[in-house]
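Residue-level listing of the chains:
There are 2 protein chains.
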Amino acid sequence: MKVLFAAGDPKPERWTVPIQQLLPEAEVFNWDPNGEPVNADYAIVWQPPEALFERERQLKAVFNLGAGIDGLLKVANLPRDIPVVRLEDAGMSVQMTEHVIHQLVDISRNMQVYRDQQAAGTWKIHRPIRRKDWPVGVMGLGHIGKRVARSIASLDYQVSGWARSEHHLDGVTCYAGTDRFDDFLAQTRVLINTLPLTDATRGILNADTLAKLRPDAVVINVGRGEHLVEDDLLQAIDNGQVAHASLDVFQSEPLPADHPFWQRAEITITPHVSARTQRDDTLEQITGKIRAHSQGQPITGVVDMSQGY
Amino acid sequence: MKVLFAAGDPKPERWTVPIQQLLPEAEVFNWDPNGEPVNADYAIVWQPPEALFERERQLKAVFNLGAGIDGLLKVANLPRDIPVVRLEDAGMSVQMTEHVIHQLVDISRNMQVYRDQQAAGTWKIHRPIRRKDWPVGVMGLGHIGKRVARSIASLDYQVSGWARSEHHLDGVTCYAGTDRFDDFLAQTRVLINTLPLTDATRGILNADTLAKLRPDAVVINVGRGEHLVEDDLLQAIDNGQVAHASLDVFQSEPLPADHPFWQRAEITITPHVSARTQRDDTLEQITGKIRAHSQGQPITGVVDMSQGY
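Residue numbers (my numbering), protein chains in the order written: chain A, 1 to 309; chain B, 1 to 309.
Bound-form chain A, shown alone (with noise of 0.2 Å):
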C-alpha cells in the first residue's frame, strides 16, 4: 500500500515520520511538484494542486486534514469516483467549544470592563447578566455544533439550535430546514455560526439575518469567513443592530492590514485559531481509516458530494 502525503508544510517529515511509524505495512511520499508518480493508494491531503490528481490516477481514496472540506473541493479534477474523507473532530470540538463559551462569557459579562477597571486600577462591581436576556442561537448542528450547543445549554443559557435537517438535543429547541430561519432568529440574541460552508450557506449572514436577530445581538463566527458578508456586518454594528461580534474567520486570511474589522471595539479578532488540527489525533485517526478501508472495512467521513460536507 502507498500513502502520499501532500499538504504544503515546510516540514512534511513532520507527518510522513509518525504516518510511517502508525502504518508499517505502507509506503510513505511525500508529494515532489517535479516527481514522477508513485501510483499512490491513498492520498493524505490539504489545499492539494491540481497537478496532483492529474499524475496519481490509481488512488482509492482521499483523507482532508480538516474538518471542512470546502478548500478541497475548489480542486477542479478532484476526483468524484472515490471517498473524499473529512476529518472528524481529532480533537476539534473541545477547543471550538471553549473558544466560544469563553467569548461568549467575555461579552455577556463584559470581562474587558473588568480589564479596563483593572488597568486604572479602579474597583467596581456591575450587575450581574440575567441568562434570559442572553439567548443564544448554534447554526450547523454537526459534531461542533452540537457540542457548543449542549455545553452552553449546561450553563443555562436558552439555546436554540438550527440544521439543514431534524435534530434532538436535550435542553436545546432545534429547528429545522431554511422554512424555520427565521423563527430561529427571532429566537436568538448570540448567533453562533457553526455550518459548513456550501453553496446553500456562503453569505448566510448577511444584512437580513442580522436584522432577524433579537436586539443587541452578538455574532461569533467560527464557521468561515464566506460565511459572513463583512460590509453588512460592519453596518448593522452601525445601525446598532449587532452590538458586538468575535469573528476568529475572515473573507480573506491573514486579515489584511487595511481592513477596518482591525480598528473596532465592538469587534473581538482572533486569527482563525477557535480549532487547530491536533496531529497525533489527526493521523491516528486518518491511518486507522486508511488500514480499515484497505483491508475492506467502512469508514465513516465520507463527504457526501451532493451536500458538500
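To be clear, the hints were calculated from the coordinates, so they are not data collected in a lab. Since this is a predicted model, take the numbers as computed values, not measurements. Any given hint could be a false lead.
[What the hints assert, rightly or not] Pulled a few chain A residues facing chain B out of the computed Cβ check, cut under 7 Å:
(1) 211
(2) 254
(3) 262
Note that CB positions come from ideal geometry on N, CA and C, so glycine has one too.
With the hints as your guide, set chain B onto chain A.
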C-alpha cells in the same frame, strides 16, 4: 409570622416588597437600628449587627443572604441554638462555573496575546495547547466545586478534586482529607479554590501549598480573600513557581488602591463578581424555606456549626 430583613441595603424595599409578595401570610419588617423589638420569628440577614440578636430574642431561624457564612459567624452573639441557614446555589454555581471556565481558557489559551495582537493589527497563529499539560485541581467539592469540576472535565481537561470528606464524581479524581492534600497538589497545575472559609482553610493558599503544584502553576481564587496569603503569592510569582493568578476575592475589599496586585501582568483582578446573588432566586429559596420551617417541615442548607459551613 414576623420576618425581619437586615442587610444594610440602602434600598431595602427592593427586598422587603418581594418578600411580602412571596409570603403574604407574614408581617415583614426592615431592620431599624433605633427601633423597638418586633419579636421576629425569622431573620433574613447579611452581615447583621450584634444589636439585632440582642433585641430579637424569639428568632426560630436565621437565613444568610449568601452561601459563605464566614461573615455571619463573626457576629459574636449569633444564636447557636436555632438553625442558621445558608443560601444554596440560587444561581451562583452556574455564574461561578462560567467565570472559572472563562478565566481558565483566558489563561491556558493565552487570550491576552490575541487581544494585544488585535490592538497592534497583528495576525499571528500560536500553537494550540495540549490538554494534558493543563491538569486542573478543584479545592472544595460542595455544590459549587462539584459543578466547576464537572464542567471543566466536560472540556476534556484532567480534573482532580479535593475536599475534607470523600466524594465520587464521574471523570474527576477525588482526594479526601489533609493526608491526601499533597498528592492532590502534585497532580495540579491549575488550582481552583471554591472552599468555604473556616479556621481549617484560612491561609490554605500559602507558600508551602503553591510550591507543591506543578511548574508554571495557575491559581484561580473564587473562594475568599482570606484563603490566600497574598505575600506568598507575590513571592511564588517572583520565584517563577506561579505563572498566573486570577483573583476575584481579596484580604481587603475593595482592593486598596496601593495594593501591589493591581500592577502585576501575572494577576487578573475581578472585583468579587464571579457570582453575585440573584435576588429573585434568592428570595424564592429563602421564603420557601421560611414557609416550610413554619409548617414544621425539614429544610436544607442548615449550617453545621462544628464545621463552620
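Checked hints:
1. Checking residue 211 of chain A against chain B by beta carbon gives a least distance of about 27 Å; that is not within 7 Å, so the hint is violated.
2. The interface hint given for residue 254 of chain A is met, as the beta carbon of that residue sits about 4 Å from the closest beta carbon of chain B, less than 7 Å.
3. Residue-level restraint check for residue 262 of chain A holds (minimum Cβ-Cβ distance to chain B is 5 Å; threshold 7 Å).
When each numbered hint is compared with the structure, a violation occurs for hint 1 only.
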